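Participant: The whole structure should be built from the sequences, with the hints applied where relevant.
There are 4 protein chains.
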Amino acid sequence: MVIVLKKDVTKKQVDHIVKKLKEIKLRPMVSRGVDRTVIGVIGDESRLRVQPIEAFPGVEKVMTVQTPYKMVSLENHNQPSVIKLGNGVEIGGNRIVIMAGPCTIETRKRTLDLAKIVKKAGATVLRGGAFKPRTSPYDFQGLGETGLKYLAEARKLTGLPVVTELMNLRDLPLFEKYADIIQIGARNMQNFDLLKELGKTRKPVLLKRGMANTIQDFLMAAEYIYSHGNHSVILCERGIRTFETATRFTLDIAAVPVLKTKTHLPVVIDPSHPAGKRAFVPALTRAAVAAGADGIIVEVHDNPEEAVCDGPQALLPDQFESLMAELRLIANAIGRTI
Amino acid sequence: MVIVLKKDVTKKQVDHIVKKLKEIKLRPMVSRGVDRTVIGVIGDESRLRVQPIEAFPGVEKVMTVQTPYKMVSLENHNQPSVIKLGNGVEIGGNRIVIMAGPCTIETRKRTLDLAKIVKKAGATVLRGGAFKPRTSPYDFQGLGETGLKYLAEARKLTGLPVVTELMNLRDLPLFEKYADIIQIGARNMQNFDLLKELGKTRKPVLLKRGMANTIQDFLMAAEYIYSHGNHSVILCERGIRTFETATRFTLDIAAVPVLKTKTHLPVVIDPSHPAGKRAFVPALTRAAVAAGADGIIVEVHDNPEEAVCDGPQALLPDQFESLMAELRLIANAIGRTI
Amino acid sequence: MVIVLKKDVTKKQVDHIVKKLKEIKLRPMVSRGVDRTVIGVIGDESRLRVQPIEAFPGVEKVMTVQTPYKMVSLENHNQPSVIKLGNGVEIGGNRIVIMAGPCTIETRKRTLDLAKIVKKAGATVLRGGAFKPRTSPYDFQGLGETGLKYLAEARKLTGLPVVTELMNLRDLPLFEKYADIIQIGARNMQNFDLLKELGKTRKPVLLKRGMANTIQDFLMAAEYIYSHGNHSVILCERGIRTFETATRFTLDIAAVPVLKTKTHLPVVIDPSHPAGKRAFVPALTRAAVAAGADGIIVEVHDNPEEAVCDGPQALLPDQFESLMAELRLIANAIGRTI
Amino acid sequence: MVIVLKKDVTKKQVDHIVKKLKEIKLRPMVSRGVDRTVIGVIGDESRLRVQPIEAFPGVEKVMTVQTPYKMVSLENHNQPSVIKLGNGVEIGGNRIVIMAGPCTIETRKRTLDLAKIVKKAGATVLRGGAFKPRTSPYDFQGLGETGLKYLAEARKLTGLPVVTELMNLRDLPLFEKYADIIQIGARNMQNFDLLKELGKTRKPVLLKRGMANTIQDFLMAAEYIYSHGNHSVILCERGIRTFETATRFTLDIAAVPVLKTKTHLPVVIDPSHPAGKRAFVPALTRAAVAAGADGIIVEVHDNPEEAVCDGPQALLPDQFESLMAELRLIANAIGRTI
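Chains as they are written, first to last, in our numbering: chain A, 1 to 338; chain B, 1 to 338; chain C, 1 to 338; chain D, 1 to 338.
Do not take every clue at face value.
Identical copies look the same in the list; a pair holds intra-copy or inter-copy alike.
Derived DSSO-like pairs (lysine-lysine); straight-line CA-CA distance at most 30 Å [stated by the list, open to error]:
1) K177 to K22
2) K11 to K196
3) K7 to K277
4) K109 to K120
5) K25 to K6
6) K277 to K22
Bear in mind the hints are in silico, worked out from the structure with no lab data behind them.
None of these values were measured; they are calculated from a predicted model.
Facilitator: This is the structure:
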């Protein structure tokens, strides 16, 4: 850590800071430069959690050297984590995982039909929401447990493990029972109490990046789950909020290579939510695979006119099938498979 | 609502859309313009929740005329809502409410001391967190119920009602017992299950705007609480995420006049979190009062070096006192009091 | 166009608006809905440039149906534009164009060496800046005309046409003489006087998107050049400003499919500036090709330690060569060549 | 400066960096910490302009201690700069300067009328654009020199000095002749060649912050003008681009206190452009004065229906007059005058 002092810092203030640092077993080294005095600090920066140096008189700013996340960091675990699902699907290995299905579970029949459709096209995980976070209280809020049961039935029928979104602690037992991967939505990425509880389950968690959260926030949220005991965390970039309105969100495609230099956790891309419109989804999906994502989670619907949610951004079955063919070739181009 | 059709829309597609609109009791009027055909639609737009017109073939975009929030809208309730707290304090009236106190409840003594300090300077509500949403799992997470008890004791001592943050459903009974206003943090603004439960309590809720949420998202979140039965909702702007890093967040000061044209709910500003540094807090607080905010929620600490959280942005007691003197004059300048 | 009126609009205000619309030869149709009265307007919306309806009493908002850009719109020119450079290189056709070279022209020898290096790896255009827009007045500002001469010499040596940045009107004659493509930087994207002058030259222009500009702003800037007579405009996405700081800018990869639905102009991606770091460049470049970009403009340097500008983000020659091999396969995967 | 090295940095890489630093007369001090080796560097950081340490092998990141701007920094010039206009008006002193007038100069009569109106209400500078930066090439581009002449006539009539926008170098002589303050628009804030030329004139420059530019970018742009010889630079915050669309731009009100801790230059706020709508302008203007701005530049129009530009955001004369009364009281509340 480096503490940059104010230009008019007094000797007394410097001494006070140095004394406090020593008290918490850090090793300060004061250097007086042309413009500024700075204090370099050797030792475990996390000791500063209890001593807010930035609040001390004479301090201009504090620059940290260490990352605030530890367990999810690539530095502390130098091999990519591979998350194994029950039925042989692995996330984070050489093979790219395609998760597909409707935004929302609507009826039993459609759920089973879509499961068959996406399986046939090559998906290895079925997605679908039974509890829906909706911006408006007047929108359809999901089928709840009934939806989870349809998903479980679709899994039985097709062998596809299912990923589905959990919205609150109370429903966790249901997800332990029915889900293969518990999805945490962007709006809950910093619901810290929920993250702690997820640390206690052994179900893999697909954690979506919050729409206003930096990569560092994202890794800290993953650290919450990981440090509370659950090491099966999958990161999912799904677009951030920017000034651009031509798309629903701005897909931060660079999140893939950035995360790959910082963490051992697998990285998945959701191309549907940032696109907002079907026409943009294939390009974003291809880009995600080319950028090095370990997986894709994409919306597919056979009759978007009847979709209760996000119809405009769902791929049609035909489109999904053609896209899969392109994705296989792109995966090969970078030495991977689908 | 206006449906803009694609340039190459077919007659069959238009007829199909018109038919569907009539089925849900809306009145479509097709007009063929120079460049485009558009369909104007008369009727209650909310019927479209079950019919996603944007997903229909031939549709370019759908432009809505009505606001998606109803009960919190100024159009539906033409007088400002005034929220009454037990001890005579009112939020949303002519008098501007000052809520002040530490970021986090630390010790019993400090809590009582700070309550006396802020009361003396003119605050009418005491703020302080017992459950803390922290970005890092390794940071201090709050005193929990013990903290709530200290707050209750401070209330007894000073008469100041207390506002404090709730992080999850499970703790709601504690807040029913100890808090006067339940604060919902920015990271929980779209925790919809929590919002629904808050609709069932009768405690006033101070709802903070999410850091990536538009004014419309904000009003929809308030609508969740309001439509579930709790009409005592206070909106709080606390800064949004932008590219600027000189401050912790960018205070959207225009949120005050914008909200005042859209809703009857009171609007409060938190100048501390966007500032991030003590030096910027007085200017933001003065701006908030001048812009027409109904209240301020600001951090004050008598020894920021020992603050376990957000020390750098807490005002010192002296600063707070001087600031209060300025705020009173500014309030008078716009015909209000403090 | 649709004019949404305020809830309390008076008959007199409506009549006044209708009268004005008729005066400028538009056809208004008033419809009274449940909540609101709206006026649908048939006719050329551009007539409203002289009549700011939004400023009229009683108007809540004006929603436009037509795009404000015309000549660059896909609706008005249904085939992709292909820009031909002198030496057989085409931008916008099936073959993806790779533009590569140093950020800044430094010495004659390095310029010639790098030209040979990138040509050997498969680049078909040479990039390099002679006039540099630098954030600090104390940074190196470029070699000026000398740099342009080195580029011309490199073109003679390798046959590669050159793309290089123009910063102001005064230097246009130099660029007419030395450049094959005139690059306009992000910071000049809305330098409207410059855009107008570029409309008068016949050199192709590579227009970079401003870091805070929407897709619509971008197309309006292209319209400036196009409507003033120069139809050889190439659009270049290079990252936008967002809250994320892990990368220098956030590459808006969705700009590729979005622009492809709106304009006939070719779309190029610059992966170097958004990356900011060499390690992220290959992933972004692969994503760009997979997303459907017509070209790439990427920085390559053989000794980044000595680069006077942007050394950290330049690819090394070896990296560039390996990347080219991957790009060829990805291009094939989507039916294109490099 | 502090250089953070990669975890796997080799001794050879460290030695290489140290050697280079010594060659450019900087004093490196290597410290090996728990996790990381860092190199503290004493000396003038600007020497690093020619040696991009970030591009060196083994370097993770470089953290600078010094600000990159010098002459405009408060550290190098500890007193606020006061810019004197010919007729006794001073910007940056205790008295807050109100600049008001139409967005665009339309007719001679209206210009003279509005000059009288704003003067009567208490404005001390007249604003108005003769050359207009318009997003669309089809929009009215301004009256040009004729507009400047009308402004000069209005100055003669009222004694108000005039501020008006310059868009390119070519027109500088006209502005030397007619303008009292040369305004540089947000879109030209990083038109570096223009900034250099402005450094050679002696006319005060009102520099607007670019809509995607940080405070640091803003100060660097001011440094361009200042370091080239013109010390009469006035900074103007006018809103930044964010995801919020309820206003045209998001006014960064914190820019006032932030700039006041970093620079001696005066700070002015434009409340009209961020508001986008008349109804929001008074609140933003009051906030600006309360936050400590040295001046306001606001649009006033007596018939917004006929305004060729930005009619919806112009204050009516009556509104402006009432607002001025409030502003005077707010100024007094913080010990200033208007």
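Participant: Against this structure, judge whether each hint is valid.
Facilitator: Evaluation of the provided hints:
1. K177 to K22: neither (51 Å within a copy, 43 Å between copies)
2. K11 to K196: For K11 and K196, neither the intra-copy (44 Å) nor the inter-copy (41 Å) Cα distance is at most 30 Å.
3. K7 to K277: Classified as between: cross-chain Cα gap 17 Å, same-chain 53 Å, threshold 30 Å.
4. K109 to K120: within (17 Å within a copy, 57 Å between copies)
5. K25 to K6: both (24 Å within a copy, 24 Å between copies)
6. K277 to K22: Classified as between: cross-chain Cα gap 25 Å, same-chain 57 Å, threshold 30 Å.
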